[in-house]
Amino acid sequence: MNDGYRSKLLRWITFLSGLYFFLEFLLPVTALQKIGVAPYHDMITKGFITVGAMSIGLGIVNLLLVHGTKIAFRRKGWINSTALLMGMVLAMVFASLEWRGGALVADGVREISVLGQFAQRIHADEVAKREGVPPLEERMRLLKEATISKLSTLRADVADEPDTPARRGIMTKIDEVGVLLQPLPTETGAILTALQRIATLLSETGALFGSILREKEQVGTAKKVHDFLYNGLFTSLGAAMFSLLSVYIGAAAFRAFRVRSFESFLMMGAAVLVMLGQTPYGLMISDALPHIRLWLLEVPNSAAFRAIKIGASVAALVMAFRMWLSIESESFARDRE
Amino acid sequence: MQGIEHATPGIMVLLAMVALLVLYHIHRARRDPSKLYVRRIGGIDAIDEAVGRSAELGRPTSFCTGITGVGPILYACLGVLYYVARKAAVYRSRLLIPQNAPDAMAIVEDVTRDAYRSAGRSSLFDPTTIMFLSEEQFAFASGYMGLVHREKVASAFLFGSFAAESLLLSEAGQQVGAMQVAATVSPEQVAFFICTCDYTLIGEELFAASAYLSREPVQLGSLYGQDRVKLLFLLIIITGTLVATWNSLLPGSAIPNIDTLILGGGAYLEALF
Amino acid sequence: MSKFHLDRRIIYAAIFLSVLVPLLFKVSLKPVKLDASERLYQTVEGVERREGAIALLSFDFGPSTKAENEPQAEVILEHLMRRRIPVAIFSLTVVSQPFLTSVPERVIKRLQTEIPGESWEYGKDWVNLGYRPGAALFIQALAKSDDLPGYLSKDANGTQLSMLPLFKGVKTIADVNFLGEFTGSLGMLDTYIQFFQRKGYTPIIGHGCTSITIPEAYIYLDSGQLKGLLEGVSGAAWYSQILLSHHSNREKDSALLINTALGVSQLVIILLIVLGNVFGLLERRRV
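Going down the list, the sequences are from chains X, S and Y. According to this note's numbering, the residues represented by the first sequence are 1 to 337, in order. According to this note's numbering, the residues represented by the second sequence are 338 to 610, in order. According to this note's numbering, the residues represented by the third sequence are 611 to 897, in order.
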């Protein structure tokens with residue numbers, strides 16, 4: 001595929017993708033429903049989000065290229081590059097393991113809650129007298145078999161757990177579900193009442209079982225290492241970097257906040273008034289400071305910010321049009337020279 | 338004011354006017370770009386000075402697009418990057434481009450390669466100088482600060498979207514004695530850049546810089562179109578203010594407020610479908 | 611070097627000590643009354659409590675802005691929980707995930723200590739919806755959805771939302787009677803104001819911002835698109851003060867401490883500005 005076809009294809013994809021969201025905003029929901037797009041909108045949106053998420057792969061490839069080259073050819077700073085790649089791999093491995101642990105917890109909860117959803121569905125279908133569904137007796141029988149089987153397994157799983165309120169709660173609820181299911185009620189009204197109660201109990205049981213699984217996961221190695229890397233290192237380092245701002249602003253305040261003209265005097269005065277107006281010490285100087293601060297923020301500040309925001313938004317809108325119509329790409333086109 | 342889910346006829350008319358104004362001026366610029374005047378902005382002339390300084394001192398230049406993702410602001414920065422990269426290629430000066438967004442990085446690499454090619458220095462282009470640091474704001478800032486200190490950059494360009502890390506980035510350049518030119522649409526960060534950088538372009542001057550440097554018809558034309566659109570919005574604001582004032586003085590007035598005109602009428606569209 | 615030069619390290623030390631000393635000695639002064647925080651308090655106080663309506667809180671902050679945004683999130687969540695308004699919490703940024711559990715758990719623990727016998731159940735009083743990728747696309751789709759629990763599907767623990775009592779009767783965003791957004795990032799608030807709306811419905815939005823974005827947030831407060839604003843940690847401190855005045859048993863939280871330390875550091879910065887100008891003047895006179 002040569003460059004001409006490639007750029008044409010890219011332009012058409014850009015145009016059609018942009019056209020979809022443009023029309024989706026322009027047209028009312030009824031129009032989208034008539035076209036038949038409305039039921040798929042969620043899926044399309046999630047597709048675009050997924051494509052955006054894939055771009056992290058580009059970053060990883062670049063990191064490997066830049067730092068891998070440094071390590072391979074022992075260039076200046078290769079030890080730092082080694083540390084970076086090792087950190088990246090370590091974080092990816094333990095984040096994956098931690099995610100896997102969370103997924104197992106979710107699976108464990110889902111195996112129970114899906115039974116509760118089944119009970120809810122039977123109840124809803126029976127109340128709505130929906131057609132095309134299996135008879136109530138058959139569905140109740142299936143629900144009973146699956147629930148009793150699952151809850152027996154669950155009872156065995158949590159039997160060895162420490163005696164906590166969650167464990168006791170699970171046992172109580174298992175017993176109560178057992179009472180409701182054995183024997184099955186025969187009268188429809190009683191069945192519906194029992195189904196509602198069973199759905200609630202199964203949902204609560206799932207939540208309690210999830211809390212037990214999560215507690216076990218918390219003490220696992222993967223979670224501990226992940227927490228150390230995230231809370232211990234990443235969170236602390238992020239807060240530390242942000243805190244550097246305070247010392248840098250102090251240095252900038254001394255070095256660069258100089259009054260050289262009437263305008264800069266006005267600016268400095270406004271800055272000092274706003275700062276004093278929001279500290280407890282400002283009130284020691286004058287009660288009027290908070291009101292002056294409020295006026296400065298509501299009147300001149302809002303006016304200036306609105307103007308800048310309108311200007312920047314117009315520029316962004318125009319640029320967005322250019323990107324959508326691929327006029328932008330002409331500025332950097334390979335065949336321009 | 339009630340919420341809206343989709344465009345109203347008023348919004349459609351406005352969008353059409355915006356598109357027409359921009360497309361008309363782009364067409365005009367393509368016919369004769371010399372007829373479109375863009376005023377001189379001091380910070381733009383400093384770009385040549387900064388790149389030249391790097392070449393004289395034999396130290397690299399850095400071009401940082403901050404936390405800009407793929408979008409209109411990135412494309413505005415790319416116009417300036419193209420110019421800076423071309424200059425750096427001509428002077429055989431090293432250009433470092435640390436990146437925050439992986440998707441933007443691919444576009445940046447393309448543009449830089451094109452710039453080197455147009456200067457006839459394709460062999461000098463080194464893709465490893467476009468380095469992905471981190472998507473996390475402060476990890477990126479930390480990586481940039483380290484890069485600037487290690488490489489002892491002679492000039493630094495900070496063009497794009499910046500948040501709290503702006504002061505960290507510009508202070509790092511200050512500490513190594515780099516000449517710094519900044520441009521951002523984030524008004525909150527302008528104050529920090531003014532204190533720490535040699536030249537600062539404010540707000541839309543970033544968009545104007547791209548057009549000014551390249552003299553490219555599309556960019557010039559859309560700059561003109563933007564200004565006309567702003568005039569249009571200014572007219573709407575003034576008219577709306579006058580009408581709202583009139584209506585508040587004479588409550589029985591039959592003149593609808595501008596926001597009702599623009600945002601109302603959604604029901605007509607729904608009835609059509 | 612000029613004799614009117616001040617070593618950077620002295621400046622760094624002055625800032626460091628100005629923050630450290632008040633925190634070490636737990637100095638807590640009464641904060642300044644901030645109108646925007648008052649308005650937000652009245653807004654939350656007036657949020658309607660009805661079947662099938664929830665509050666939605668978005669914690670879009672990370673470790674870096676935690677010092678300002680976390681106290682804001684805590685006070686708003688506490689107020690909603692005191693009023694027994696069911697709350698669903700989510701985030702559009704992946705770094706915020708730990709706060710989606712740590713903040714509610716801390717608030718609940720404090721409330722349960724203050725009001726013995728009362729409890730706040732997960733699934734009934736609050737739900738953690740976890741991190742939701744997609745930012746603007748997600749908010750747009752959320753606003754257009756006619757089945758909110760169906761679109762959101764599960765909570766952070768993998769439980770179907772249809773099984774949770776909190777989401778019973780909730781259908782669309784019109785059933786969200788309060789949206790609280792806490793962030794230090796630019797553009798997040800714009801996204802909510804632009805897209806979190808529906809025909810015949812505009813949300814009641816409260817915002818907690820860092821000090822840097824206060825000027826930008828004020829334009830929305832002025833236009834009425836925001837019903838209240840917590841201006842950095844000072845806003846959280848005043849909100850906390852209001853809660854204290856209404857609930858005498860309430861324990862003082864970190865917002866008041868941090869606000870006091872912040873005030874001291876701001877005084878130091880004002881002093882540095884004055885000193886810098888005086889030194890500059892003396893330097894020019896000397897020359």
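Source of the hints: derived by calculation from the structure; they are not laboratory data. One or more of the hints may lead you astray.
Pairwise CB distance ranges, derived in the manner of DEER restraints [stated by the list, open to error]:
1. Y:Gly834 with S:Leu569: 40 to 50 angstroms
2. Y:Gly779 with X:Gln218: 47 to 57 angstroms
3. Y:Thr782 with X:Gln218: 42 to 52 angstroms
4. Y:Phe626 with X:Thr200: 47 to 57 angstroms
5. X:Val93 with S:Tyr361: 33 to 43 angstroms
6. Y:Gly779 with S:His486: 52 to 62 angstroms
7. Y:Leu877 with X:Thr14: 47 to 57 angstroms
8. Y:Ile620 with X:Met267: 18 to 28 angstroms
9. X:Ser17 with Y:Glu724: 49 to 59 angstroms
10. S:Ser585 with Y:Asp617: 55 to 65 angstroms
11. Y:Ala746 with X:Glu176: 40 to 50 angstroms
12. S:His486 with X:Tyr5: 40 to 50 angstroms
13. S:Lys489 with Y:Arg618: 16 to 26 angstroms
14. S:Ser585 with X:Thr14: 17 to 27 angstroms
For every residue, glycine included, the Cβ atom is placed at its ideal position computed from N, Cα and C.
Now the hints, each set against the structure:
{"no.": "1", "hint": "Y:Gly834 with S:Leu569: 40 to 50 angstroms", "verdict": "violated (25 angstroms)"}
{"no.": "2", "hint": "Y:Gly779 with X:Gln218: 47 to 57 angstroms", "verdict": "violated (34 angstroms)"}
{"no.": "3", "hint": "Y:Thr782 with X:Gln218: 42 to 52 angstroms", "verdict": "violated (36 angstroms)"}
{"no.": "4", "hint": "Y:Phe626 with X:Thr200: 47 to 57 angstroms", "verdict": "holds (55 angstroms)"}
{"no.": "5", "hint": "X:Val93 with S:Tyr361: 33 to 43 angstroms", "verdict": "violated (57 angstroms)"}
{"no.": "6", "hint": "Y:Gly779 with S:His486: 52 to 62 angstroms", "verdict": "holds (58 angstroms)"}
{"no.": "7", "hint": "Y:Leu877 with X:Thr14: 47 to 57 angstroms", "verdict": "holds (53 angstroms)"}
{"no.": "8", "hint": "Y:Ile620 with X:Met267: 18 to 28 angstroms", "verdict": "holds (26 angstroms)"}
{"no.": "9", "hint": "X:Ser17 with Y:Glu724: 49 to 59 angstroms", "verdict": "holds (53 angstroms)"}
{"no.": "10", "hint": "S:Ser585 with Y:Asp617: 55 to 65 angstroms", "verdict": "holds (59 angstroms)"}
{"no.": "11", "hint": "Y:Ala746 with X:Glu176: 40 to 50 angstroms", "verdict": "holds (46 angstroms)"}
{"no.": "12", "hint": "S:His486 with X:Tyr5: 40 to 50 angstroms", "verdict": "holds (46 angstroms)"}
{"no.": "13", "hint": "S:Lys489 with Y:Arg618: 16 to 26 angstroms", "verdict": "holds (18 angstroms)"}
{"no.": "14", "hint": "S:Ser585 with X:Thr14: 17 to 27 angstroms", "verdict": "violated (46 angstroms)"}
Hint compliance for this structure: hints 1, 2, 3, 5 and 14 are broken, all remaining hints hold.
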